[in-house]
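Please work from the sequences and hints to get the whole structure.
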Amino acid sequence: MKCTCIHIISIVLLGSLLTGCKKEFTRLSTNANEIFWVTNNGADMPVRVMGNTASKVIILIIHGGPGDGSYDYTDYKTSRLREKYGVAFWDQRNAGSASGNNNMDRLSLSQMISDLEVIIKVLKTRYDGASIFLYAHSFGGLLAAGYLVKDSNQNNLKGWIEIDGAHNYPLCNASSRKMLMDTATSEVGKGNYISQWQNILNYCSSHDPLSSYEISSQTETFAHNAESYMGIKQKNSFLPLAEDPLDQLVNYYNLYHTSSGNDFLESLESADYSNQLYKIKIPSLLLWGQFDFTVPPVIGLDGMANLGSSYKKLVLFPHSGHHPMETDTDLVEDEIISFIDIFK
Amino acid sequence: MDKLLKEVVVLDIKKRFWNFTFRTMKTVLLSAWLLLSVTSPAQDSLHVNRSAFLYGLISYDFPEGIGFTIGTSIPFHSIIKEKEHKDSKTRISRKDEFISVESGGYHYPFAYTSIIINAGIGIRYIKSVKHFTELSFNQGILRTIYDGKVYELDQDGNIKEHMLFGRTYLTSGFSYSLDWGLNNRNSNLWFFQLKPAAWIQYPYNSFLKPHISLQAGVSYRLKKHSSLYSGKTET
Numbered sequence: 001m002k003c004t005c006i007h008i009i010s011i012v013l014l015g016s017l018l019t020g021c022k023k024e025f026t027r028l029s030t031n032a033n034e035i036f037w038v039t040n041n042g043a044d045m046p047v048r049v050m051g052n053t054a055s056k057v058i059i060l061i062i063h064g065g066p067g068d069g070s071y072d073y074t075d076y077k078t079s080r081l082r083e084k085y086g087v088a089f090w091d092q093r094n095a096g097s098a099s100g101n102n103n104m105d106r107l108s109l110s111q112m113i114s115d116l117e118v119i120i121k122v123l124k125t126r127y128d129g130a131s132i133f134l135y136a137h138s139f140g141g142l143l144a145a146g147y148l149v150k151d152s153n154q155n156n157l158k159g160w161i162e163i164d165g166a167h168n169y170p171l172c173n174a175s176s177r178k179m180l181m182d183t184a185t186s187e188v189g190k191g192n193y194i195s196q197w198q199n200i201l202n203y204c205s206s207h208d209p210l211s212s213y214e215i216s217s218q219t220e221t222f223a224h225n226a227e228s229y230m231g232i233k234q235k236n237s238f239l240p241l242a243e244d245p246l247d248q249l250v251n252y253y254n255l256y257h258t259s260s261g262n263d264f265l266e267s268l269e270s271a272d273y274s275n276q277l278y279k280i281k282i283p284s285l286l287l288w289g290q291f292d293f294t295v296p297p298v299i300g301l302d303g304m305a306n307l308g309s310s311y312k313k314l315v316l317f318p319h320s321g322h323h324p325m326e327t328d329t330d331l332v333e334d335e336i337i338s339f340i341d342i343f344k
Numbered sequence: 001m002d003k004l005l006k007e008v009v010v011l012d013i014k015k016r017f018w019n020f021t022f023r024t025m026k027t028v029l030l031s032a033w034l035l036l037s038v039t040s041p042a043q044d045s046l047h048v049n050r051s052a053f054l055y056g057l058i059s060y061d062f063p064e065g066i067g068f069t070i071g072t073s074i075p076f077h078s079i080i081k082e083k084e085h086k087d088s089k090t091r092i093s094r095k096d097e098f099i100s101v102e103s104g105g106y107h108y109p110f111a112y113t114s115i116i117i118n119a120g121i122g123i124r125y126i127k128s129v130k131h132f133t134e135l136s137f138n139q140g141i142l143r144t145i146y147d148g149k150v151y152e153l154d155q156d157g158n159i160k161e162h163m164l165f166g167r168t169y170l171t172s173g174f175s176y177s178l179d180w181g182l183n184n185r186n187s188n189l190w191f192f193q194l195k196p197a198a199w200i201q202y203p204y205n206s207f208l209k210p211h212i213s214l215q216a217g218v219s220y221r222l223k224k225h226s227s228l229y230s231g232k233t234e235t
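Line by line, the protein sequences give chains A and B.
Under this note's numbering, think of the first position of the first sequence as 1, with each following residue one higher.
Under this note's numbering, think of the first position of the second sequence as 1, with each following residue one higher.
These are calculated hints, taken from the structure and not from any lab test.
Mixed in with the good hints there might be a few duds.
[What the hints assert, rightly or not] Derived pair list, reagent style DMTMM-like, types lysine to aspartate or glutamate, alpha-carbon separation capped at 25 Å:
#, chain 1, residue 1, chain 2, residue 2
1, B, Lys209, A, Glu117
2, A, Lys56, A, Asp334
3, A, Lys124, B, Glu84
4, B, Lys160, A, Glu117
5, A, Lys121, B, Asp156
6, A, Lys56, B, Glu161
7, A, Lys56, B, Glu84
8, A, Lys150, A, Glu266
9, A, Lys124, B, Asp154
10, B, Lys209, A, Asp105
11, B, Lys130, B, Glu84
12, A, Lys121, B, Glu152
13, B, Lys149, A, Glu117
14, A, Lys121, B, Asp154
15, A, Lys150, B, Glu84
[To be verified] Label-pair distances were calculated between CB atoms; the ranges are:
#, chain 1, residue 1, chain 2, residue 2, range
16, B, Tyr176, A, Asp330, 49 to 55 Å
17, A, Thr221, B, Leu170, 35 to 41 Å
18, B, Thr168, A, Tyr76, 36 to 42 Å
19, B, Glu161, A, Ser152, 22 to 28 Å
20, A, Ser79, B, Lys130, 50 to 56 Å
21, B, Ile141, A, Thr221, 40 to 46 Å
22, B, Phe76, A, Ser79, 32 to 38 Å
C-beta: ideal position from N, C-alpha, C; glycine also.
Given below as structure tokens:
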């Protein structure tokens, strides 16, 4: 029996060594597919790097949510970008496949900005000499803005791309409500989805999303629904956001059904970097879906008005809502490629 | 004064000695009592041929984990029921309660490799010579080792690399296995085993991560093993 136990342990250890010590693709490649992890203050965050790292350009995806994952971006949405550049898919803490033991109490915007600082530092070390660009969507826009206005962080980057980025939550809430009410009035007049729009109009007329997190959350749900009433194609499943759907279930449970998760979400309601955007001097490309009711184009205009960049450009996509990279993929990629080719 | 001090020291040593002796006695008596409680029913045990099993399984953990498990289960108690049916034939059903120890590993591509060691307790329902099922509860420990390099910022703000970095979690789960004899004769030694399992890994991001696994492989009955412990019959 003792002998059997020793054999079992030996086989397990050998097996783990053989599978655990996976060969690392440290050299640059035109078709890279590699992973590394960054551990910071209780969270272990994966960064999957795919595509043409030999280009010496790395686009770091800062996904939205919070709580989503970067896996959702590994498909057609970035296929042309991966042909030309390396794309780094980072799962933020308590999102995607990021893991750890007891770390929910450390979830905060400032902690996530600190995580982003470490991620970029590692990217610069690992891909020495590469030009790094941020690709920040939705909540990722808030995170990216928070990173860029802090200290001299922006000097690590060649430029940033904000896609329907929520760099000012209170303005998002107020403009979302206004856009919903204006569009509802217009659509009811046209006879489109009358009962649905009337419901939205009734709710938004009597509820100010700035007054509570619950109202803000409900307004966001209406904003999501409104896109489909306007004929914008949407994915309604959250499962593809992480490679393992069970990870996504855990992350969403933590965010929406625990006190630490709720505290974090509520703390974001007042997050606003508009008055600090003047500090950002690096080239900025702002891409917005015209029918984004969640983070309306007004936020893009706010970015244009406040950014201190000498080069800043806002592009509106006429057939898109909150996810122009899904609905206007080619146009979005064209804009990004042109931007990067100028500033890499 | 020195004398007095020595006496105090001696008294203190004596006191500690008696405390130690008393504690040790309590432990020994408790252990002896536990041992007796285990061995006494053995006097009434039946000559039931309970066999230990060794098994090796290939595992699939939803959605992308591939791995293996090896383990052993040792029965410690049997319940045999004899039932007389209308056709006046006596049918025997048997349950073996067993403990198990298993070890395994999973690899999740572009994520991590995990090593798991489990201890379990379960019931084997022996339906016939060629077929039995098992229901078991497992408690274990899991260690992950991340794929690729792991980086961390040190106190001086420099990037440092970790080797074989990962996290340790506890696991708990249930599994249900179905076993079919692979030999033609009555004395089956090899069985094909199919084992779905549901288990949780915790604390994972301050919560728990559910897993759904399916394992398939072979189990081997150790022919000469016979359990020391008790059995009983019910008619």
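Hints and how they fare:
1. B:Lys209 x A:Glu117: violated, 28 Å
2. A:Lys56 x A:Asp334: The given pair, whose Cα atoms are some 19 Å apart, holds under the 25 Å limit.
3. A:Lys124 x B:Glu84: Not satisfied, since the Cα-Cα distance of roughly 78 Å exceeds 25 Å.
4. B:Lys160 x A:Glu117: holds, 15 Å
5. A:Lys121 x B:Asp156: holds, 13 Å
6. A:Lys56 x B:Glu161: Holds. Lys56 of chain A to Glu161 of chain B sits at ~22 Å (cutoff 25 Å).
7. A:Lys56 x B:Glu84: Distance of about 80 Å is beyond 25 Å: violated.
8. A:Lys150 x A:Glu266: Holds, at about 22 Å.
9. A:Lys124 x B:Asp154: holds, 16 Å
10. B:Lys209 x A:Asp105: This hinted pair holds, its Cα atoms lying about 18 Å apart.
11. B:Lys130 x B:Glu84: With Cα atoms ~21 Å apart, Lys130 of chain B and Glu84 of chain B stay inside 25 Å; holds.
12. A:Lys121 x B:Glu152: Roughly 10 Å between the alpha carbons, so the hint for Lys121 of chain A and Glu152 of chain B holds.
13. B:Lys149 x A:Glu117: holds, 18 Å
14. A:Lys121 x B:Asp154: Between Lys121 of chain A and Asp154 of chain B the Cα gap is close to 12 Å, so the pair holds against 25 Å.
15. A:Lys150 x B:Glu84: Distance of about 82 Å is beyond 25 Å: violated.
16. B:Tyr176 x A:Asp330: 49 to 55 Å: Hint holds: Cβ distance 50 Å, inside 49 to 55 Å.
17. A:Thr221 x B:Leu170: 35 to 41 Å: holds, 37 Å
18. B:Thr168 x A:Tyr76: 36 to 42 Å: holds, 38 Å
19. B:Glu161 x A:Ser152: 22 to 28 Å: holds, 25 Å
20. A:Ser79 x B:Lys130: 50 to 56 Å: holds, 53 Å
21. B:Ile141 x A:Thr221: 40 to 46 Å: Check passed, 41 Å falls within 40 to 46 Å.
22. B:Phe76 x A:Ser79: 32 to 38 Å: Violated: the Cβ-Cβ distance is about 58 Å, outside 32 to 38 Å.
Hint compliance for this structure: hints 1, 3, 7, 15 and 22 are not met, and every other hint is.
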